[in-house]
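J.: Here are the chains, one letter per residue:
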Amino acid sequence: MVVCIIALVVFAILGIFSARYRKLAKEAFDCTFKKLTFKPCDTGLDTRIKAGITTKLMRWPKAAKFMHKNFNTITSILFIVMIISMTWSGYEAGKGVYNYAKFGNCNGPDSSAFCIFNIANAEKPRMGALYCNATDCTCITPEINCTIKGGNYTPCSGATCSCPK
Amino acid sequence: MALSVEKLRQDFPILQKKLSGKPLIYFDNACMTLKPALVVAAMNEYYENFPACVGRSAHKLSKLATEKYVEAREKVAKFIGAKPSEVIFTRNTTEGINLIANCLDFKAGDIVLTTDKEHNSNLLPWQQLKEKGILHKICHSKADGTFDLENFKKNLDKNVKLVSMVHTSNIDGTTIPAESIIELAHKNGSLALLDAAQSVPHKKIDVKKLDVDFLAFSGHKMCGPTGMGILYGKFDLLKKLKPFMVGGDTVKSTTYETAEFLLPPEKFEAGLQNYAGAIGLGAAAEYLQKIGLENIEKHEIELNKFITEEISKIPGLRILGPQNPELRGGIISFTINSLDIHYVAQLLDNMANIAVRSGQHCVHSWFNAHKIPGSVRVSLYFYNTKEEARIFIDTLKKICELR
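Chains A and B, in that order, give the protein sequences.
Once you know that position 126 of the first sequence is 126 in this note's numbering, the rest is easy, because the numbers rise by one and skip nothing.
Once you know that position 311 of the second sequence is 311 in this note's numbering, the rest is easy, because the numbers rise by one and skip nothing.
Derived by calculation from the structure, the hints in this document are not laboratory data.
As a list, the in silico SDA-like pairs of lysine to any residue whose alpha-carbon atoms are at most 25 Å apart: (1) A:Lys65 - B:Leu402; (2) A:Lys35 - B:His364; (3) B:Lys18 - A:Arg59; (4) B:Lys208 - B:Gly292; (5) A:Lys39 - B:Asn368; (6) A:Lys56 - B:Cys400; (7) A:Lys62 - B:Asp349; (8) B:Lys130 - B:Lys153; (9) A:Lys56 - B:Ser338; (10) B:Lys313 - A:Thr55; (11) B:Lys22 - A:Thr55; (12) A:Lys62 - B:Leu317; (13) A:Lys69 - B:Asp340; (14) B:Lys398 - A:Asn70; (15) A:Lys56 - B:Gly21; (16) A:Lys62 - B:Asn350.
All chains, please: the whole structure from these sequences, using the hints.
T.: Encoded structure:
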């Protein structure tokens, strides 16, 4: 069960980037769902994961043996760490949203530290492609052939721009 | 004559390839064998050169297709010592057994006697007949997994209409004494059907010598294509059977009310058939005959002896069935204490590309009755080598060291 939950989280994240992992994520979901509804998980996913990890460690027999013998303990520890980490991340993110809503800065009042929510208004020069679409953008490396078209900045690959507030 | 294994391996394109940089070690032959290039070529020839209907049209392509199809039936008939008219093309062993279950004139109270190690394909058809009042009795094996002839005699009463038994078990490779069983069955007035899926590809079978009434086997376990099988039946018996699947190409003529059926085997082969598959199976039968079934059997037993001797030394490893490898043909089914069977199979595949089967091998009934969750099954064929066996043994030993 624990392996399936970990697999579900890991494969779901990897599945965003690669279709290969989406199938595995679905399998992990099926397995987790079955376990949660007190049905046996017959996909064999947990066995394949354990065998896959053990095979990689076979070059170091002691490590492979350790993994084989303590697989359930290791996955349980990983599961607890994952839950703690997710809880902590959730708490910190929530705190940031609250601070941003209340003080306009996710780090709380009187803080000038970096905040992801007001990144577009940051004063520091940034790579052009993402943030420089204001009409008053100035290319600081004009030789890279940055263009200003119709008042909107059209970024060129590799161009560095400064974006005055 | 000893087998020239290395030469024969050249016939199998997949054995020339590498998977993840390692050669394939294919030990799952009881499930499906690899296909030699000539079988694939024979099938391709049909699709490329004469992809026409058999026995229906008068044009050149149809004539050629008919010729090849007839030839294929003759090759398969020769392979088992039968007449072509006694060879029915089916999809697989399962279909062959189901054909008998549905066509034989069973009456309420008739008994079908099987062993306790039947594949689901020779169990479920008889379970289904229970609704019609036909009983299914099981003849239990001895403790070592071998056939109990005395127990069989006890079970054989006048109500036994059919003795339907697995010739070679796909769990442990044991072969039943078919000749004695058939003789006793006939003396009792019963018919005999053999599920020969695991015996026909591995040993010389002569249906006339066996005097068996019906015999079913599959093409995919004997280097042939998937979806092709054979049901052999004595011509006179087949003639009496009423086909359960009827349609195109099974009749001479019809009126709106009646039908005049063709003789066997045509009356059982309804609709357009798998011509390419039949041609491929014919090529496979001919190929195996050239190699020699006696040579194949001998080679498998030799490898089995070698593997059995080595893996028997592993503590906690238990081989299912008789411990004597000569009684197990090319099959070694085993469990290992403290190691999950599927995990072992997965590790063998991951570590050395060794393909084995793990589970209950479609014989759930036997495993459930013996409270064994399943086994790892190594099943050999003529293209397997001693070197492959050595790699398997070494890999298995490494896996067992994990405990």
